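**Q** Chain by chain, the residues run as shown.
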Amino acid sequence: MAQESLAPVAAITNLILGLITIFMSNRGENQSSHKRFSALLIGWTFIMLALYQIAETIRGQYFTQFSHSSIDLGLFSLEGNVTGDTLLLIRAGSQISLNILMVAMALHIPKDLGRGELWNASVIGLIGTYCLVVPPLIFIVGVKLIAFQLALWIVVGIYWIHTYIRGIVLEYQTGDEKYRSLSKSSAILLVVWFGWQMVWWFSAFTFLNNEWFVSVLITLPEDPSALWLFAVNLGWSTGAVTIMVLFFGELFRSIKFGASPITYIVFGIFILGFFNWIQDTLLLDYYYSCLEGTCEETSSIFDLVNYLTSGMLVYLLKPLLFVYLMVQFKIIDTSSKQNKHLMRVMILLILLIISSSIIELIQSLVPIPQMISGTILAIGVIFFIGWEEKITTKFMGNNELDIESIRGDGFSENVFKNISIMMSLVVVYIIVIAVVFANAGV
Amino acid sequence: MTDDFDSFNIDGFTELFDNSTVNKFTAAIVALLVVFLGANTLNLLSKNDGVRSIVDGNNNWQVTFDEQIITITDSVIVADGDTETRMFTLDQSLLDEDYRFGKITVTLSYTETSGIPGDPIDSVFANIVQNDLVAQWQEESNNLSGSSNDGGDLVLNLKTYPDYDGQVRNETGYNAIQVLEEWTLDGFGMGELELEISVETSALPFTNDNEEEVSIMIELTVFKANASK
Numbered sequence: 001m002a003q004e005s006l007a008p009v010a011a012i013t014n015l016i017l018g019l020i021t022i023f024m025s026n027r028g029e030n031q032s033s034h035k036r037f038s039a040l041l042i043g044w045t046f047i048m049l050a051l052y053q054i055a056e057t058i059r060g061q062y063f064t065q066f067s068h069s070s071i072d073l074g075l076f077s078l079e080g081n082v083t084g085d086t087l088l089l090i091r092a093g094s095q096i097s098l099n100i101l102m103v104a105m106a107l108h109i110p111k112d113l114g115r116g117e118l119w120n121a122s123v124i125g126l127i128g129t130y131c132l133v134v135p136p137l138i139f140i141v142g143v144k145l146i147a148f149q150l151a152l153w154i155v156v157g158i159y160w161i162h163t164y165i166r167g168i169v170l171e172y173q174t175g176d177e178k179y180r181s182l183s184k185s186s187a188i189l190l191v192v193w194f195g196w197q198m199v200w201w202f203s204a205f206t207f208l209n210n211e212w213f214v215s216v217l218i219t220l221p222e223d224p225s226a227l228w229l230f231a232v233n234l235g236w237s238t239g240a241v242t243i244m245v246l247f248f249g250e251l252f253r254s255i256k257f258g259a260s261p262i263t264y265i266v267f268g269i270f271i272l273g274f275f276n277w278i279q280d281t282l283l284l285d286y287y288y289s290c291l292e293g294t295c296e297e298t299s300s301i302f303d304l305v306n307y308l309t310s311g312m313l314v315y316l317l318k319p320l321l322f323v324y325l326m327v328q329f330k331i332i333d334t335s336s337k338q339n340k341h342l343m344r345v346m347i348l349l350i351l352l353i354i355s356s357s358i359i360e361l362i363q364s365l366v367p368i369p370q371m372i373s374g375t376i377l378a379i380g381v382i383f384f385i386g387w388e389e390k391i392t393t394k395f396m397g398n399n400e401l402d403i404e405s406i407r408g409d410g411f412s413e414n415v416f417k418n419i420s421i422m423m424s425l426v427v428v429y430i431i432v433i434a435v436v437f438a439n440a441g442v
Numbered sequence: 001m002t003d004d005f006d007s008f009n010i011d012g013f014t015e016l017f018d019n020s021t022v023n024k025f026t027a028a029i030v031a032l033l034v035v036f037l038g039a040n041t042l043n044l045l046s047k048n049d050g051v052r053s054i055v056d057g058n059n060n061w062q063v064t065f066d067e068q069i070i071t072i073t074d075s076v077i078v079a080d081g082d083t084e085t086r087m088f089t090l091d092q093s094l095l096d097e098d099y100r101f102g103k104i105t106v107t108l109s110y111t112e113t114s115g116i117p118g119d120p121i122d123s124v125f126a127n128i129v130q131n132d133l134v135a136q137w138q139e140e141s142n143n144l145s146g147s148s149n150d151g152g153d154l155v156l157n158l159k160t161y162p163d164y165d166g167q168v169r170n171e172t173g174y175n176a177i178q179v180l181e182e183w184t185l186d187g188f189g190m191g192e193l194e195l196e197i198s199v200e201t202s203a204l205p206f207t208n209d210n211e212e213e214v215s216i217m218i219e220l221t222v223f224k225a226n227a228s229k
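Those protein sequence lines, which keep their order, are chains A and B. Under the numbering used here, the first residue of the first sequence carries the number 1, and numbering increases by one thereafter. Under the numbering used here, the first residue of the second sequence carries the number 1, and numbering increases by one thereafter.
Rather than coming from a laboratory, the hints here were simulated on the basis of the structure. Keep in mind that this is a model prediction, so the values were computed, not measured. Errors might be hidden in some of the hints.
[Said to hold, decoys possible] Simulated crosslink set (EDC-like; lysine to aspartate or glutamate; CA at most 20 Å straight-line): (1) B:K224 x B:D98; (2) B:K47 x B:E181; (3) B:K224 x B:D18; (4) A:K337 x A:E389; (5) B:K229 x B:D49; (6) B:K224 x B:E181; (7) A:K337 x A:D280; (8) B:K224 x B:D66; (9) B:K224 x B:D165; (10) B:K224 x B:D153; (11) A:K256 x A:E171; (12) B:K47 x A:E171; (13) B:K229 x B:E171; (14) B:K229 x B:E194; (15) B:K47 x A:E388; (16) B:K224 x B:E15; (17) B:K47 x A:D280; (18) B:K224 x B:E196; (19) A:K178 x B:D165; (20) B:K229 x B:E181; (21) B:K47 x A:E389; (22) B:K24 x A:E117; (23) B:K47 x A:E222; (24) A:K178 x B:D163.
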């Protein structure tokens, strides 16, 4: 399936983006400490995404694959193969870490909610404790518990919705464009974290997601608890309500002040909701057939639709928007010559992932030989290298209002070192406990 | 903003809620989210109950069929040794809403029409020609051809809808829609019903009996499926 072949590209891209971001954050002495800390959070988010996708790629190559939803909702179980189970638990562990990184990010972007040494220590402590305690707890008590983490999505989702509306309303009330930065950064973060859930908004509002979930429920040997079913709905509900807010917010803003690139992304996701609803409707027979014991075969066109919607958002849009956020809001310092070179590497990587996605799309629609698609990709890369400077300049822009919007301070140099050491240990810890629990067969 | 290394300052939170318009919008969205989440969860819980009752094996449904008979009549005069072909179009316009073609029964009847006293009964041969009409052509219970040489009715039949026999059925399913899914397929019975009729007359010596009139009655059994617990 096309989606499987995009995961390794995304994994490598995220890994390199993560390393560059962390490196640039440590070299950004001229930056405010808050921006450096935000860059570190994004950098480690890239690393965790890479860890997740590397495990996903290797597992998909040799073992039964589990979808992103299966990990988020705890719909997986160990299969008795140590390597395969280890990879599965690494995915689960990195997903848990990503959730707490998202919370930490919400506390700092677009606005630093707290200040002071104790506050900073609390945030770092929260990340460390969560990554230390939650994965083994979930592995021991039951992987279904992982779904309750979606409560964090609701909290963070509401918070970013609030900052988004705040940006839109204040811009309208004062006419000051600086508030657009607030709404824009909030919208980017919402799309980055919940975008792949947003594409199912219409199915969520018409309860068609629940029809799909019937085909999942039938596979469960035991009656799931009402609380777990409630938790299952948290993700869809967050996605559906968020895209509605973003859609009407961007619609209102584009009428009053004109559209921006994020407006088109939001409108695109909104429209995808209708396409996915049609897909769900067409698949109703398939969902019901699962009740008869054996699910019918589905057409590969549905895999393609999933790839083009939530798959693209997970693998493509996430790193793209993170880099956009970092560059536009100067979260990483691009003023020095050395950092500019690294920035160019980041942008080229993003262009590479876009190119490979488009090639995948073409190959999914038209069965062209890989030799030809590889050549097309190479031609694309050559063009990107040729136009690199122009593209980089356009991507970076120089929006002073954006630069000023993400503010805050109060991190000492030690905090940066400590958080990098801590997150490195978290990565090792996730791998170790995955190996331990896979061997124990828990 | 100044660095403050010794405190735990969360002023940022209070600043977030300093605009009443924004707060009202957020409150409304939170309310929408809560209502939507509640409704969605209730819906999923009810679906889960349905699934569990299937898994536990106590979700039985009875499928019954409301039947109607649609009759088409015709007659044809067939010359001795000839074969006449009659075409009948079966399409959606013949059906009431939610009805489907279940089976086709063709009854051919004739009497000796020569009017000659003592003239023996002619022989009539008929068959339903297999064509593009969507039907269960390979069904064993079909009777696609037959003959009569005693003036008795000649009955042919063709099953159009798969497995349809008009009998009450017990099914297991998640809901009525799913249970009836098997009985709501479109297209069956649609097409041209092609009937070939041949006649061989039996005449007394020195009499002229060289044709026979055959009456055709086509009965289309159509049905609407209902599911009840």
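**Q** Please work out if B:K229 and B:D49 have their alpha carbons no farther apart than 20 Å.
**A** 16 Å, holds
**Q** Under the criterion that the straight-line Cα-Cα distance not exceed 20 Å, is the pair B:K229, B:E194 satisfied?
**A** 41 Å, violated
**Q** Does B:E181 sit within 20 Å of B:K229, going by the straight-line distance between their CA atoms?
**A** 16 Å, holds
**Q** Run the distance test for A:K337 versus A:D280: straight-line Cα separation, threshold 20 Å.
**A** Given that 20 Å is the threshold and the Cα spacing comes to 50 Å, the pair is violated.
**Q** Are the Cα positions of B:K224 and B:D153 separated by 20 Å at most?
**A** Violated - the C-alpha atoms of B:D153 and B:K224 are around 29 Å apart, more than 20 Å.
**Q** Please work out if B:K47 and A:E389 have their alpha carbons no farther apart than 20 Å.
**A** 55 Å, violated
**Q** Do the alpha carbons of A:K337 and A:E389 lie within 20 Å of each other, as the hint requires?
**A** 14 Å, holds
**Q** Would you check the hint for B:K224 and B:D66, treating anything up to 20 Å between C-alpha atoms as holding?
**A** 5 Å, holds
**Q** Would the hint linking A:K178 and B:D163 be met if the CA-CA limit is 20 Å?
**A** Not OK: A:K178 and B:D163 at ~70 Å, beyond 20 Å, violated.
**Q** Just to be careful, I want the Cα atoms of A:K256 and A:E171 compared with a cutoff of 20 Å; is the pair within it?
**A** 10 Å, holds
**Q** Checking one constraint from the list: CA of B:K224 to CA of B:E181, max 20 Å. Satisfied?
**A** 12 Å, holds
**Q** Holds or violated: A:K178 with B:D165, Cα cutoff 20 Å?
**A** Distance ~74 Å between A:K178 and B:D165 Cα, so the pair is violated.
Taken one by one, the earlier hints fail for this structure at numbers 3, 7, 10, 12, 14, 15, 16, 18, 19, 21, 22 and 24, listed in ascending order.
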